[in-house]
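These protein sequences, in sequence, are chains C and D.
The numbers in UniProt numbering rise by one with no breaks, and the one at position 165 of the first sequence is 165.
The numbers in UniProt numbering rise by one with no breaks, and the one at position 413 of the second sequence is 413.
None of these hints come from the bench; they were simulated from the model.
Each hint should be verified, as a subset may be incorrect.
When chains are identical, the list treats them as one kind, so a pair holds in a single copy or across two.
In silico EDC-like cross-links for lysine to aspartate or glutamate, where the CA-CA straight-line distance does not exceed 20 Å [unchecked claim]:
#1 K284 with E140
#2 K374 with D264
#3 K276 with D478
#4 K370 with D263
#5 K83 with D137
#6 K200 with D157
There are 2 protein chains.
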Amino acid sequence: MIEKEIKSKSEKVFPNGKDLGGASQNILIIGAGLCGSLLALRLGQRGYNVAVYEMRPDLRKVDISAGRSINLAFSDRGNKAMKLVGIDEKVNQLCIPMHGRMIHDANGNTFQSNYSGRDHEYINSISRGGLNALLLDEAEQHKNVSIYFNKKCTSVDFEKTTARFTDYRTKEEFIEDADIIIATDGAGSAMRKSYYLGKKFLFSFSQSYLSHGYKELSILPKPNGGYKIHKNALHIWPRKSFMLIALPNLDGSFTVTLFLSYDDGEYNFNNLTDEKIVLEFFQKEFPDALALMPNLTDDFFENPTAPLGTIKCSPWHYKGNTLLMGDAAHAIVPFYGQGMNASFEDIVEFDAVLNKHKGDWETVFQEYEKSRKKDTDAIADLAIDNFHEMKDHVANPIFQEKRKIEMALEKHFPKEYASKYSLVTFNEDIGYREAMLRGRAQDKAILNMLSDGVISPSDDIQLILDKVKNETEAILEDDRIAGLR
Amino acid sequence: MIEKEIKSKSEKVFPNGKDLGGASQNILIIGAGLCGSLLALRLGQRGYNVAVYEMRPDLRKVDISAGRSINLAFSDRGNKAMKLVGIDEKVNQLCIPMHGRMIHDANGNTFQSNYSGRDHEYINSISRGGLNALLLDEAEQHKNVSIYFNKKCTSVDFEKTTARFTDYRTKEEFIEDADIIIATDGAGSAMRKSYYLGKKFLFSFSQSYLSHGYKELSILPKPNGGYKIHKNALHIWPRKSFMLIALPNLDGSFTVTLFLSYDDGEYNFNNLTDEKIVLEFFQKEFPDALALMPNLTDDFFENPTAPLGTIKCSPWHYKGNTLLMGDAAHAIVPFYGQGMNASFEDIVEFDAVLNKHKGDWETVFQEYEKSRKKDTDAIADLAIDNFHEMKDHVANPIFQEKRKIEMALEKHFPKEYASKYSLVTFNEDIGYREAMLRGRAQDKAILNMLSDGVISPSDDIQLILDKVKNETEAILEDDRIAGLR
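This is chain C alone, in the form it adopts within the complex (with noise of 0.2 Å):
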């Protein structure tokens, strides 16, 4: 094994000798994915010199995705991220509003349910490719700040604060000292790996698997470039073991997904092994899918099949010198639109307690993960649930009442109600435990209410109103008393 000399932190881990003097601090962040570049961006906004190590090229040089770029649901906590930072703007460009899921039902129905009764609540479908080079090209252009490409994290030692990594290219292996080294370097992350494996202090790790993975399709534009389906909407052919998903592009495409049991059920990853049965499954399950995706077995054969997993760990830092971020400290599955939206949501959190304990990079690590974790388990747990009610409750009647319910209470009480799913996506001010909590209890209220013929959705909207905020703060309230709390 080839290594070089362990380069001095005040001369070689920045390579461009970006130091700005004695008070800036060198930063090495491992991982220039979404969390990574926004990290970079907003410490080099702080004036923090930066160096930042990515183990792919350079997406805006080469297409890395090797197809169709994948999108992502965008939406207010990821805004309020992009605020922080000032683009915005810039970033709205690249949306596509999505104002509800378009369900598709077995017999070729559609019918929409919105994902709020305000009109000015909807999430966005944008491409994960157009938004990370927006952000590579915005933290670029600090001059603190600097990039490195090809360059794959293979361990850290946490205890020098060094991290090695291997140039893609050169193949050469080289060591980088820092001041403190921030890993945002996804859910399988080198430097969570390094925590696990060191056995240096306890650490608690989970990774969990559910039974389904998913594989990307596509529905390509029109010949005229429009879209073939509704665009501004997320379209679900729920199927209660399985369902379809899809997100618009700019270009008219929508980038497809399919979320199916490994080995459960007639049809499966795992027995979906020649074109005869894959257009079987879909001519069956999703015959007005498959006659807008004559592409599909190309598409199925050409994309990997992927797991779905949630990684949960703590602590997330060791002392006060390394710290683990976004995916790298919490991937969740995507049944929420909330994987990027919760990673740039921790950069928000960590500026405030920079804010409050600059200097201090023990209490600021401590601080934040104390206030943060809480919420990133939760949000965790609520994709989970949406996994199941994606592909099953939104197809079924009571739950369809309760959604009624509920955009009849956001419509006539913009102020005073919001449902789960807008507490989550649309209230970036309450944290992701708060909003799990309460929008737990008033579904409960609301499926036990509509259960027990308690409330029903022709009864007056201001009654409904009352009895369900009642019923919820009861069953908060008969949960503290049990907790004993």
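Place chain D on chain C using the hints.
Showing chain D alone in chain C's frame:
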């Protein structure tokens, strides 16, 4: 690295040549602790050709505890397994009944809180070493069972069904082959590590540590060999954020355990670094216990501080070749006194599945995990709940009122009412998960009705029973509707 040839299945796995013929399969068990030795005994009784490899020396020949033997809580689920293998009467000789918790408050007052309102329901203190020795003796009486000590498993090749070992004395490395490998090698399982590191299949895994660690101490017998405090109770000194407990041994001593935070609070494991501060801590918080422990500081600095971890994982098996059981699959914290009992219950469950699907190991392993994992997940969560209950709630007035009501209900209606503690501990025919769901709903019902003045300990007991039953059903039904199950 020196390696011997892989031994052939028929000849060398079981060096004593105990193959009983073609119908008998070779089963390799890794670990001869409580779970592994019971499994060896049961599989020996069933006629399998069993070889057990244990990393430690034979505890019947060497005093490996290097101090006082550790004791454990033994109760009905564990005893069901002892009945299965026909040694319950021998085990009974090793037991010291504990009828309840003896609470020692901060002022030195004591009061006993029984585990059940039914006189025949109590738990037992038992020596880990004594019980393990009995199980080894019983297993070795079967000529188709062989046990090898000082052989540490370092990894398992689950695709080839082979395990690699190091002999502690000769330092020799060797590989053993078998038809089936079952790992009962505890919380640090080598085979589980091979599952995790192998990345051959999606392996969900969590290790989760409490903020507290523990340290074993002791109360020595009186000079005449008698017990210094009441023999037939589990003693607790609850102090909200930490606690001390003591369980009796047959020799008149008590094994005492301090549960304390590593970092938080005025006194913690990180700052109890010299005799003076340890004595100051005990003098302030546990003066009555200190008076019984002239040997305190010796014990404190001789014995290690150990972490409190929960392990969950899935799948427990790879195809029909290898299987994790006991702590290797589901290590839990000790606060429900169910760790050993849960591992023993594993054997009962496994044996029942084996009766159904004998000969088809893959189905046996799948069915076993399917029926068992929900229950071991539940006892893991219940054990963490009890951590908070024991150090805090047992001294809480509303909790004490609930316990009084439950004791009265169990006494008056022995066949109609069982508390959560009874459901978990004394109702071995109800799974842990059902015990958890029903027990938590009952607790919530009683605590809320007490808090709201709907019931009071002075009410007619039949009236209380009716209200508790109705409210418990209502809570379970509300949860069912909210979960849309």
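Going through the hints against the structure:
no. : hint           : in the structure
1   : K284 with E140 : neither (50 Å within a copy, 59 Å between copies)
2   : K374 with D264 : between (33 Å within a copy, 19 Å between copies)
3   : K276 with D478 : neither (55 Å within a copy, 46 Å between copies)
4   : K370 with D263 : between (39 Å within a copy, 14 Å between copies)
5   : K83 with D137  : within (16 Å within a copy, 71 Å between copies)
6   : K200 with D157 : within (11 Å within a copy, 27 Å between copies)
Consistency note: the structure conflicts with the earlier hints numbered 1, 3.
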